[in-house]
Each structure stands twice: as structure tokens, then as C-alpha cells.
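Participant: Line order of the protein sequences matches chains A, B and C. Start counting the first sequence at 3; every next residue gets the next number (the working numbering). Start counting the second sequence at 8; every next residue gets the next number (the working numbering). Start counting the third sequence at 9; every next residue gets the next number (the working numbering).
Hints are computed from structural coordinates only; laboratory data are not their basis. Every residue gets a Cβ at the ideal spot worked out from N, C-alpha and C, and that includes glycine. The reader is advised that the hints may include incorrect statements.
[What the hints assert, rightly or not] Listed below are the simulated DSS-like cross-link pairs for lysine-lysine, each with C-alpha atoms no more than 30 Å apart in a straight line:
#1 B:Lys292 - A:Lys236
#2 C:Lys49 - C:Lys435
#3 A:Lys236 - B:Lys288
[As the list claims (entries may be wrong)] Every beta carbon over 10 Å from chain A, so not counted as near; a handful from chain B, in silico:
#4 Asp78
#5 Tyr84
#6 Ala197
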Amino acid sequence: MTVHTEAPAAAPAAAERPPRVPAPRRRSWTGLWFVLPFFAAYALFLIWPTFLGLYYSFTDKSLTGRTPSWIGLDNWAEALGDERAWNALGNTAVFTLYSTPPLVVLSIVFALMVNRARRAGWFLRLAIFAPYVIPVSVVTIIWTWIYQPDGGILNHYLEVLGVQSPDAPTIWLQDEHRAMWAVVITTVWWTIGFNFLLYLAALQTIPQDVYEASAIDGANWWRQLWSITLPLLKRTTALVIVLQLIASLRIFDQMYLMTSGGPNRATEVAIHYIYIAGFEGYRIGYASALSYVLFVLIMIVSIVQFRLFSRKEA
Amino acid sequence: MTAVLDKPEAPAAAPVRRRRKRPTAGAVIVYTAAIALAVVWLLPLLWALSTSLKTETEASLGQDIHWIPRDWSLEGYRTLFERGDHLVWMVNSTVVSSIVTVLTLTLCVLAAYGFSRFDFPGKKIVFAVIIAGLMVPGEALIVPLFDIVNALNLSNTYWGLALPQTVPPVMVFILKRFFDAVPRDYEEAAKIDGAGHLRVLWSVILPLSGPILAAVGIFTFIGSWNNFLWPLLVATDPSMMTLPVGLGVVTGGYGLLYAQNMAAAILGALPLLIVFLVFQKQIVKGVAGVGLK
Amino acid sequence: MPNHPPPPGPLTRRTLLAGSAAAAGLGLTGCGSLAVSLSDKTVVKQWNLLAGADGAIMTEMHGQFEAEHPDVDLQATTLGWGTPFYTRIVMGASGGNGADVATAHVSRIKSLSPATLLDPFDLKEIEDAGLDPDAFPAELWDKCFVDGELYAIPLDTHALVNYYNRSVCAEIGALNPDGTLLETTGVEDYFDVLRAAKEVTGQYGTSLDTFGGWRQFWAWYRQADGEMAFGDGDYEMDDAKALQSIEVMYRMAEEGLCPTFADGAQCAANFENGAAGFVQVGNWEITRFRAFSEAQGLDFSMTEMPDFFGNRRTQGDSHSFILPHHNSWDPEVRRATIEYVAYMLKNSLQWGAGAGHTPAYLPVTESAEYQALEPNAEYSGVVDNVQLDPEVWFSGSGARLFDEAGTVFQQVYALALNPEEALALLKERIQDLVSLPNPVD
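Let the hints inform the model, and build the full structure from the sequences given.
Facilitator: As C-alpha cells, then:
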């Protein structure tokens, strides 16, 4: 999960005073004692695995616990030539490609509507954001049932609308070409609330007089949307896209639960393949090498994000 | 975890007040469309609720789709409680998420305070190492982390589930920036009164930090409650599973039962929906804060 | 680091130190589930993969066990069949802190790396629990030993069998005077029967699980005496015989004699609601069909697989009990666990009668009571015809070969691959598996 937190203003009374020049602080060990508990846990659960994983990637370490031996670059060479790994990365990219546009466009549309319909705002916010806090397995239990070819509610309404015939029900999750779409639809339903709130917040900061001024100039709603609103949402959109990119690279839960990566590996994504290689296939060493490839990819995206969004702060 | 950081500053300009207008045709259309959309968005949950209130026989009538149960029944919920494991998972989730939240808050507050108020040898390096962690994706560490937790003999324990989730560098960063902005006058007054550092932190800084601690706490709690991948690996034992994992991987032993399944889904969704309803304001503000800088 | 003079506020530091030490101490002692620590009985954690109709029988037997052993709290959990189940067993055992006892297919014992991930049974302790180690079919019993240690105790033998709807079969004249199914020889003969059945049902001749294609493939491939052998980095398979088996699937689906898409549940439902006159599925579905028959009336029986290529061989396996590795055994738990295993075996008549499996414990199968069970007698020959999966670390029930081949055959039934394409893909998948370094031995 992505953690986003707003730091609210400090105590109002205090904030009004001009900040004092910080008193020169004495260098002492006291601060370290405060930092130490966190750092110890951090070292054990973040730094150590980072290096341990790197070490394992050069061994044939197995989940079975037999003694590992050093095998040099074998895992790395295998990973680079592993079609299944590339397929998994490809699927991850496909998921990103399918899911990002609706998650951007739809959330803008939703936010625009809710922004106009402010008096129903709490209900709309609730309805659209609620799915976001639901555990993933609840989401997949419900949607797997919705997608059921026979007796699923989705196909039922498609039949009612005359889009499909009852004799040839659409197969969703078990069809190689549709499974990814099905997962994408579920994901959009589940996670759009977050982006929606981002856009809504951004919309609400646009001062109303900008619109009023342009209305005097004779701009209609459509003109305003294109020349005022959307340009002002650019930064939010950039943020949403980067967050989406990172979230997509780490996607796993929905696929594991809904399709197990199938059919025919059409929805097998990067983390899932690491899981398959390391845990289902016992190959801790090889899975560590695969993890590192992904690690580097996520790192690159994160650095891009960091540069994009921390420059303003500097 | 993704780091989205925010400086403590006053929230953006208050929304400009709009003049009251009579509803125009456009407004009616927008309201109708928005409400229709919200209802469509709720349909999957409503459908699950409807199914959970049917008898098992009625729920499995594939071709006959109807929303209002003909034969209202709590059969699905009853069998779920008789099975009992759902309750166990709920307890586990509560225990794990609480440990994670309390520990995260404790560790991160202490660390942030240390970084904000003290100068100590090696501070820059330690801070840089923690900041670098912002870019380390937890998912890419699952394989070695699993091995470490096994080696510590912590698999299938609450600590094994919770501890690796308690080191989010982003929280240290957020809290440090907040503390940095808290003026030092109060502290100095307290120190003159002879209070130690912990005392100052506890009785001067923390009371000023209510909203941010709430935000960090709620997001940590939700994140931990909904974490799927890590508990999936560590809690192989069904009696140690958290709710998302238990619901996802344990099959009933009686084949697929739709009403019961949907009852499980509804009960699974409930705790956090309640958390969301209670803390709606903080959550919405927390998310909104990401984009408003 | 240089040793600085103590900083101001020693109280602070001491408190912090104490705090982190306490946290570390708690962390190292670990903490088990509240669910387990709240129980005042001896808790035995059993994991099984019986999500089908036989799961209900097992649950019933567990109830009886608990009634007869009030000091034991048996916490049984059913996990998703196949890979998810075995992955959890292995991950739990690698931490030495998972299940006390679990079900496992005998074909999977070696792939579970018994030396490191399983704990062996002690012959004496099972004798003490009242089991006779000599009362098992010799061949099956041998498969439970690895390097001279007993790692599994077999519960049953099960296989793919053929159920038939008596009303449909009567209508098409496929029954003997005594109401059993006429024997057929060869694929064409049987397809004629299916065509006739399709006329009557209006939908399919036979139902089958299009996701479990490996079982059907292996049955037909073995009927034709096909062999599969694995070497270091390569393997041998009889392409012609494999293709012949895949063609059976393809033609059956193409002609509409079987569904192009049916998972386990739909496969059984097709038979129950009369959409198919036959169903080729495991003997374990008998519980489900019986229940349906009682509720809504379904006149059915079961027999061995039809003879396609000169005999009635079928794919099958055995369920057994294993002890996943424990860092340490509580003697009480160990005793209760062995007691449980012995109980299940001694009472496996119910397992056979209820779930259709053929019990492995000979005192049970040799009893007059068992011999009188119907329809178990009609497919009793199945035990001799059972073909276990090829022996290699990625093979066995729910293992990778089973899964990977299954996805290929699923596309054959769906008519998305023709037999030649399917064979090529199958070979590619097997080659991939063979090329993997062996992580077990």
C-alpha cells in the first residue's frame, strides 16, 4: 500500500511566531539512542535482506534447506534468458498499459462530476472511495463470482442488454485474452477511489474567480475544461501516473487470487513469477536474482518520481 | 512503500464560497449522473450483500438472478461462525495490525525526534541510509526476508508477521519534517523545568502532533490490515492467518458455497469500512494531502 | 566508534535501552496464535487438500475422532488443492513451524524433500498406536520410504473412473441385463456410445474436467503403453502415442461429445443435471453424486475407465499422511498426532464407503463389510489398473508437470490448439521443466 500523509500545520499559536534561529546544538550521543530502535529493526528487516538477497542470487540456495553452493553468475544468466520471466515482465507492462488510462481518465471524470455535485459530495465520496479500503481477497471473491460465465451477474446483464446470447456466455477469467481485462476492471473498481480523491482535492484548490473571469470572456464549460481545469491538473496527473507505474510493477494479489497467473500464463506478473520460482519451485537463489532485476526497475521509476516531485521542494 | 512527502504547512486556500443559484438543467444532469455512478460503483458490494442473505440453494440458482432474497436467511453467516476460523483471522488481523501500528508509531516517532532535535556523530550517514530505503521496494525483498524470519524462528508467529512491517522510512521522514516545524520555545520552557528528553517528547511534542500521529497511525493500520503478500508467506498456518489471507487461501472443505462465501466477503469488508466511516475526514485529508503541495 | 562521555539525561537512555531490550526479548520468544494458546486441549493441526466431496467425509471422520478423543483439539484446515497446498506445506515445514500432520499424495513424497522438510514416522510408535506396518499393499508401502525412512502412511488409492447415468444408458441400450455398463473396445466403439448419449441428453455425451487434462492424458497414454522417462536435461516420450491421446481429447470436444470448458464443479454439475450421460472423473465425486441422487434422484453407477487402447488403465494416486518438519515436537502433540493417523486408517472403511476411495489398510479392504460395498465392487479392478505419474521431482498430483500439461490440454478441449500444436507446446513445456536445475536432490 502506498502511504500518503499530510502533515497538518503545527499548533496555530506557535506557527504565528517567527521561527527562531535554532540554538547551536551540542553534538552528543543522545540522539542516537532515539534513532537506534528504529535503525536496528530497519537494519534487520530492510538492509540485511537487501544484501542477503544479493548474496543468494549467486548461489543455488533452495527452500528445502539443503546446503547452498556458490554458482557465480548462473542465476543471472538464466534470468536474462528466461522467457517466462520476460513474459511476466511483459504482462506487468500490459497491465500498466491497460489500467493506467482508465484510472486516470475515469477518476478525472468522477472528480469533475463530484466537484459539481458538491451537495451530494459525502455520499459520492463514500461510494467511490469505499472499495479502496476493502481487503483484496474480499474484492476478488466478489468479482470472481461476478465474472462467473454461467450465473455470473455480469454476463446476466450483458444478456439482458442483448450484447451476448445466453448460449454463448462470455468467459472472463479463464480466457487467455480476456483475463487481463477482467483483472484490470476489478482493479479499477477497487483502487480508483484514491486517484479520485487526489483529483477532487486538486480541483477544489482552483480558485473560483479564474472561472468567473473566463466566463466573462465568454468561455463555455467545455473551453474552461480544456484551457483551465485540465492544465491545472497536470501535476496531479503526473503524480497519479508515477504512483500507478510503481503500483503496477508490484502487482500480485489480484492475479494470484483471481487467475493464479493463468490461463496459459496470460496474467502471470513479475512478483508472481518470483513467488513461483522461489516458493513453488523452491529456488530461493534464482528467485533472488529475479527479484534484483525487478528491484532495479522499481528503483529507476522511484528515482524518476523522486526527481519529479522533490525538485519543487528544494 | 512509496514516499509521498508533504511539508507541514497550512492547507491550501479555503474553497471560495459560491453564490447560491437555482438548480439549472445542467446541475440536475450532473447530480443524476453522479448519483447513478455512485450507485453503480456500489453494486458489487450490494450484490454480495444480497447473496449473503439468501439460502445456499437460492444463491446457487445460476440463471435466476434477483436482488431481493425470496427467502431471507442468515444461513451463510451462521455456518461461517460455526466454522469459527473467520473469527480467528479477524482476531489475528487486529493483533497484527495493532502491533504494527503501535510499534511503527513508537519507533518512527523516536527516530524522527532524534533526527529533528539532536546532532550526533554519523547522523548524516544514518539518515541517508534510511532515506535510501524509500526506494527499496518491499516486494522485491520477500525471498530473503522469508528466509530471515525462518532463521529467527518467527514463521507463524505474530512477531514474524508484524515486525518486518514496522520499518517504513517514509514515516520517519514525514514525522521528522513535522517535528522540524514545531517551534522549540515550549521545549525549552519544559527543559528549564527540568524535564528529560523523553518527557519533553511525551508531554510537549506529542500533544502538538495529534493530527499527524492519527494520520500515520490510520494509514499504517489500514496498510497492515490489507497487506496480503507478506502474511501469505509467513502465516502458512491457518490459525495464524490474517483475514485477507485466510479468506483468500482456505477453502471450506465443503466445496463452493456462494451465500457463505459472500457472507465471508461482507464480514471481511466490514471492519475497515467501519474504520473508514469513523475516520473518513482524516483519511480523505490524508490522501488529498498527497497532491496538494 | 569513540567512547564519548555519557550524554545528559541518563534516565532517558536507560529507559530506551530497557524498551528495546524488552522488544527484542518478546521478538525472540515469538508468539503463537491466540486460537491455539486459548485451547486447553492438545492441539493437533492438520492441513488437507480435500476440497471436494471427500472433504466432507473427512470432516465427518474428524468429528468422530474428536468425540472419541476429548483431550485432543483437532484443528483441520482445507487449503486450495494442488500447488497452493504443497507450497504451503513446504513453506511451513521450512520454518519448522507449520502443520503437525498433513495429507499428501504418495506421488509427491520425494518432491517434498523428505530429508529436510518431513519428519519420519517411527515404526514402533505406529505399532504402539495399533497399526500393523505389514498390512499395506507392498508396492504402495515401498513408495512411502525414502532412504530407508518411513515418511508417509498411505490412506487410500484413488483413480479416474467412469460414472454413467443408468436412465440415459438404458435408453441407448448400453446396459447389461444386470444394469451394469456394457464394455466397449477401442475409441470408436466408445464414441458411438457417446454419440447416442448426446442424442438423448441434447448436450454432451460425457462430461469431464477440462482443467485436469493431465489425468485423462496419462490414462490414455498409459493404455497405449506409452512411457515417459527423464534424464539429466532431457526426457523421452513417445510422440505418436502422445499425439493419439491428444487427438482423442480434441475429437471429443470438436464433435461436442464433451464440454469444451468445464472446471471441477461444472464437470460434476453437467452429469447431475443430465447435460451428460457419463462423466470421467475421480472416484471421490461419488459422495457428491450420491447426495444429489438422494435429493433430486439420479440413477447412476460407476465403473472403470473405458478401454481405448487395449486395456482399462487409468491415472491415479494415493492419499497419505505426512509429518511436516518440526523444529521441536511436543511429545503430547506427537502422540496425539500418531493416534489421529492410526484412527483414520483403522476407520477407513468409512473413507472407502463414503468417498469412494479404496482404503490402503488391508484389514479394512479385506473385511467382509468392505467387500459388500456397492458400487465400490464394480470398480474394484481399478486398483490394479492405476498408473502413477512418472517419477521426477516436478511430477505427481498437483505438481508442475500436472499443471503445465493441464493448461495445454485445457486449450485442446477449448479447441484453441489443434493436436499437433498441443503436442509441440507440451514438449516445449516439458523441456522447460527438465531444463530447470533440480532444487530437491
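Participant: Where does the structure disagree with the numbered hints, that is, which hint numbers, in rising order?
Facilitator: When the structure is compared with the hints, only number 2 turns out to be violated.
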